[in-house]
Every structure is written in structure tokens, then in C-alpha cells.
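**Q** Here's the letter readout for the chains.
There are 2 protein chains.
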Amino acid sequence: MKSKISWIGAGNVGWHLAPALDNAGFPVGEVYSRNRSHAEALSQRLYGAKIVGNLDFAESQSDIFILTVSDDAIPEVTRELVLPENALLLHTSGSVPISTLEYAAIEDFGALYPLQTFSKARKVRVDDVPFMIEGSTDKAEMMAFKLASAISKSVQVASSETRSQYHLAAVFACNFTNYLMSKAESWVEEKGLDFDVLHPLIVETIQKSLQNGPSASQTGPARRGDINTIAKHLEMLNEKPEMAALYRLLSDKIREDFGQNM
Amino acid sequence: MKSKISWIGAGNVGWHLAPALDNAGFPVGEVYSRNRSHAEALSQRLYGAKIVGNLDFAESQSDIFILTVSDDAIPEVTRELVLPENALLLHTSGSVPISTLEYAAIEDFGALYPLQTFSKARKVRVDDVPFMIEGSTDKAEMMAFKLASAISKSVQVASSETRSQYHLAAVFACNFTNYLMSKAESWVEEKGLDFDVLHPLIVETIQKSLQNGPSASQTGPARRGDINTIAKHLEMLNEKPEMAALYRLLSDKIREDFGQNM
Chain A
1 MKSKISWIGA GNVGWHLAPA LDNAGFPVGE VYSRNRSHAE ALSQRLYGAK IVGNLDFAES
61 QSDIFILTVS DDAIPEVTRE LVLPENALLL HTSGSVPIST LEYAAIEDFG ALYPLQTFSK
121 ARKVRVDDVP FMIEGSTDKA EMMAFKLASA ISKSVQVASS ETRSQYHLAA VFACNFTNYL
181 MSKAESWVEE KGLDFDVLHP LIVETIQKSL QNGPSASQTG PARRGDINTI AKHLEMLNEK
241 PEMAALYRLL SDKIREDFGQ NM
Chain B
1 MKSKISWIGA GNVGWHLAPA LDNAGFPVGE VYSRNRSHAE ALSQRLYGAK IVGNLDFAES
61 QSDIFILTVS DDAIPEVTRE LVLPENALLL HTSGSVPIST LEYAAIEDFG ALYPLQTFSK
121 ARKVRVDDVP FMIEGSTDKA EMMAFKLASA ISKSVQVASS ETRSQYHLAA VFACNFTNYL
181 MSKAESWVEE KGLDFDVLHP LIVETIQKSL QNGPSASQTG PARRGDINTI AKHLEMLNEK
241 PEMAALYRLL SDKIREDFGQ NM
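Each protein sequence line maps, in turn, to chains A and B.
Under my numbering, think of the first position of the first sequence as 1, with each following residue one higher.
Under my numbering, think of the first position of the second sequence as 1, with each following residue one higher.
Don't read these hints as lab results, they were simulated from the structure.
Copies of the same chain look alike in the list, so a pair counts if it works inside one copy or between any two.
Pairs of lysine-lysine residues, derived as BS3-like cross-links and limited to a Cα-Cα distance of at most 30 Å, are as follows:
(1) Lys139 to Lys232
(2) Lys191 to Lys153
(3) Lys240 to Lys253
(4) Lys2 to Lys146
(5) Lys50 to Lys146
(6) Lys120 to Lys253
(7) Lys120 to Lys153
(8) Lys4 to Lys123
(9) Lys146 to Lys191
(10) Lys232 to Lys120
(11) Lys123 to Lys146
(12) Lys139 to Lys4
(13) Lys253 to Lys123
(14) Lys232 to Lys253
(15) Lys191 to Lys253
(16) Lys120 to Lys146
(17) Lys139 to Lys191
(18) Lys232 to Lys191
(19) Lys4 to Lys146
(20) Lys2 to Lys120
(21) Lys240 to Lys191
The task is simple: from the sequences and hints, build the whole structure.
**A** The structure is reproduced here in C-alpha cells:
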């Protein structure tokens with residue numbers, strides 16, 4: 001019997017993973033989202049998925065249920081879920097322990113965590129994404145492994161603890177770095193200048209950091225202890241107290257870490 | 001008559017720019033650094049440079065003097081400099097206005113600012129680096145343009161004000177992002193995990209940000225308003241108050257900017 005998937009949540013992660021599994025021999029038969037138009041948009045990326053309007057899957061033909069709702073919604077959605085017997089329930093979160101899925105009152109549950117950032121507007125090569133999987137039972141772990149292996153060449157078993165450590169690091173290395181780039185972009189654009197001019201510098205910064213390690217690659221006024229430059233930048237940021245606060249904190253930390261205390 | 005360069009300062013920028021100009025028809029004849037071993041190391045990358053021990057260039061055969069000292073050292077070094085008549089003095093700083101070079105009591109001075117990050121350990125394609133140049137006189141601007149054009153295909157005239165705006169943006173987009181990656185690295189490594197696992201995620205984050213713009217590309221717990229995840233991360237960071245402070249400030253700012261106030 002072919003495993004069939006019901007998909008719960010139609011955000012950025014589902015947008016990429018559901019079609020990948022659908023194409024890899026794990027047909028997605030049902031899609032649920034609180035926001036019906038999101039469910040409709042996702043179902044259009046799938047071959048034979050119907051939209052379901054509530055979380056009662058007692059009569060579902062699926063044996064695998066994949067949650068791609070936001071981390072905070074996982075406990076609540078899990079409590080509302082009604083699953084058929086012998087269902088396998090997986091979430092795709094880096095930071096939520098699989099024990100949270102115990103609310104669903106089934107035996108087999110686990111995680112299928114793609115260590116990648118997804119946005120609907122950008123295609124990602126799912127087969128390159130590192131997946132971290134975990135199961136409450138051998139059966140659950142095996143099934144999670146099978147699913148991940150069907151769509152990616154990089155799969156490892158990782159505990160909830162390990163996943164959460166990587167997830168926290170990813171927030172620093174990706175979410176926060178992206179945010180700082182957005183501050184740089186808005187600053188430059190407010191001055192009528194062109195953010196694209198900074199692209200080669202950004203690319204080189206990242207390539208160097210990945211090659212030599214970020215700590216060895218640190219440069220800049222705070223790293224060098226250029227206090228006049230730092231003071232000048234803070235003066236330029238007078239009109240932007242929130243950017244000034246970021247600048248001050250990050251510069252202080254860099255100076256501390258690299259022994260540039262004054 | 002061929003222009004000859006004296007190089008003052010032997011840090012990361014000089015390490016890459018001096019050989020590039022030396023090879024491009026602007027021979028570097030002299031190298032000065034407060035740290036003599038740095039001057040020696042740089043001179044070994046050049047064809048016929050001798051090391052000089054002080055800043056009195058009254059008898060120098062050079063007509064171009066390039067300062068690659070730290071931003072903070074520029075005023076002091078400029079005051080100490082003794083230059084021959086008709087010398088051109090250039091610094092390579094993003095944040096220091098060229099007016100600082102008036103201390104040298106010459107007419108022709110300016111900036112030759114490479115918008116790139118340089119480390120000795122990593123080769124950079126200088127011809128891809130965007131140079132922003134400025135001159136106190138038409139002659140100075142023309143010479144700065146000539147020098148930059150000899151080593152790069154991307155040269156633009158930019159005022160001290162424009163350079164400093166880009167430089168401030170670059171600190172956010174590059175120095176600070178690199179620092180956050182170093183925090184992610186040390187966190188993962190302290191837990192006995194492998195920072196390399198995060199590489200595909202970092203690369204995708206940057207590529208997406210450059211393609212779609214960082215603001216449109218923002219993801220993560222703060223962007224989604226996952227307050228439980230944020231609380232859990234802060235708890236994990238209990239042992240690292242300085243990382244917790246960064247986490248809190250950046251998450252608060254993201255939530256404010258993206259309307260995820262609670």
C-alpha cells in the first residue's frame with residue numbers, strides 16, 4: 001500500500017516540501033490551512049490534493065500527516081487534530097521538541113526538519129537541503145528517514161536538542177544577518193543611493209567567512225578599534241535611534257570579543 | 001615621467017592594492033609601516049620597493065603617496081608626513097572625509113576607496129572591486145581616477161558624504177553580519193556540533209536576499225511572531241547573557257519593523 005500524505009499548514013515550508021514529496025512517490029491527498037486561499041494555492045502545486053476544512057481526519061485515507069504550521073501553532077493544532085489509527089504525525093520545526101506531538105494521542109510521531117530558509121517566491125533545490133529527522137519509535141524514525149531520503153541526499157538523525165541548537169544558530173547566522181542587510185538597504189535607499197553597489201562586498205564577506213571561518217574573517221571599525229569612525233557613525237545615526245542601538249551593541253560586543261576594549 | 005608610489009601602512013588593504021598598482025604600471029618604490037615587519041612582508045609582494053623608517057618624504061622620488069593606515073590613524077599620520085612639492089596624497093578610507101588630508105599642507109589630495117573587505121589570507125579579484133574616488137582638485141580627481149581605473153573596471157566619483165553613507169551601510173551588511181555568523185559558529189561548536197551543516201542555509205539566505213531584497217526575504221521566529229520559540233531561545237541563551245542581549249534586541253526590532261508587536 002502506498003503511503004498517502006495529508007498536509008496541514010500551507011506556508012513557505014509546505015510550499016516547497018509538499019510538491020517535492022508529491023513528486024517523489026508520496027502523494028499528497030489532502031491540504032488543510034486555516035487560511036483557505038493558502039490551501040487552494042498549495043493544492044494547485046499538487047496532483048490530486050483536495051482541500052479539507054477542518055482537522056478531523058478520522059475518515060482520512062492518509063497514513064502520514066505533516067504539520068507545516070508556525071512553531072507556536074503546533075501545540076494547539078496538535079490538540080485539535082483527530083487522526084486515524086496508526087497514523088504517523090511529523091512536524092518540520094527546528095525548535096519544537098517532538099514530545100509536543102504527544103497531544104495527538106498516537107504512538108508514531110517525529111520531525112522532518114529542513115535546515116533551510118524557504119520563501120514562496122524563490123525556488124530551492126530541495127535535494128541539497130540538509131534534513132534532520134527524529135522519531136518517537138523505530139517505525140516513526142524509519143518513515144521520517146524514508147520521506148526525507150526520497151527528496152534530499154543529505155539526511156541525518158538528530159535529537160530535538162540537537163535540532164534546537166542548530167535552529168538557534170541559524171537564527172543568528174541567517175535571520176539576523178538578513179535583517180541587518182535590510183537595515184543597510186533601507187539606509188542607503190533613504191540617501192538616494194544604490195544597494196546593488198554593496199553586492200560584491202556582501203558576497204565576498206560571506207565567501208570569506210565560509211572559507212576561513214567568521215571569527216578569523218572579522219574586519220571593520222569595531223574589530224580595528226577605530227573609535228573615531230565608530231563615533232562618527234553613531235552621529236550619522238542620530239536620526240535613527242533604533243539603528244544606533246544596534247550599532248552600539250554590536251560594536252561593543254565585537255570590541256569585547258576581539259580585545260579592542262578602550 | 002612615470003608616476004611612482006610611496007605606500008604608507010601595510011595592513012589588509014595595502015596587502016592587496018599595492019601589488020595591484022605595482023603590476024598595473026604604477027611602481028611602488030617605498031613602503032612605510034609603524035610595524036617594520038609588516039612593511040617587510042608587504043615589500044616582498046612588490047618588485048622594487050625599499051622600506052623607509054620615517055614619514056619624512058622630502059627627498060622621495062615618488063609623486064603619489066597612498067595611506068592605508070587605520071581610519072583613526074589618518075589625521076595623526078597626515079600631520080607627521082613631510083611630502084615633496086606637487087605630491088598627490090590619497091587615503092583609502094570609506095569614512096574619513098578627504099578634508100582630513102589638508103593637514104599635509106599640499107594642494108592635491110583625495111580618496112581611493114575600495115568598497116570591499118580584505119584579509120591577507122584571501123585573494124580578492126581587485127578588478128571586480130567597486131572603487132569610489134574623490135579629489136581636492138581636478139588634477140587630484142583625475143589621478144585618483146587613473147589609478148583606480150588601472151586596477152578595476154568599476155570606478156565612480158563619490159563625495160566624502162556618499163562614501164561615508166556606503167561605508168556605514170557596509171558595516172551593517174558585512175562587519176555585523178559576519179560577527180553574527182561568528183556567534184552562531186561558536187555556539188554550535190561549543191555544543192560539539194558542526195558549523196558546516198549551516199553553510200547551505202547561509203548561502204541560500206544571502207542569495208535570496210540579493211535576488212529579492214533583504215526586506216522581502218526576512219523569515220524566522222521574530223518575523224513570524226513565534227513568541228514561544230523566542231522565549232525558548234532566550235532560555236537556551238541563559239548561560240550567554242551577551243548573546244541573549246543581541247537576540248532580544250534584534251528580535252524586538254524585527255517584530256517592530258514587520259508589525260509583529262505583541
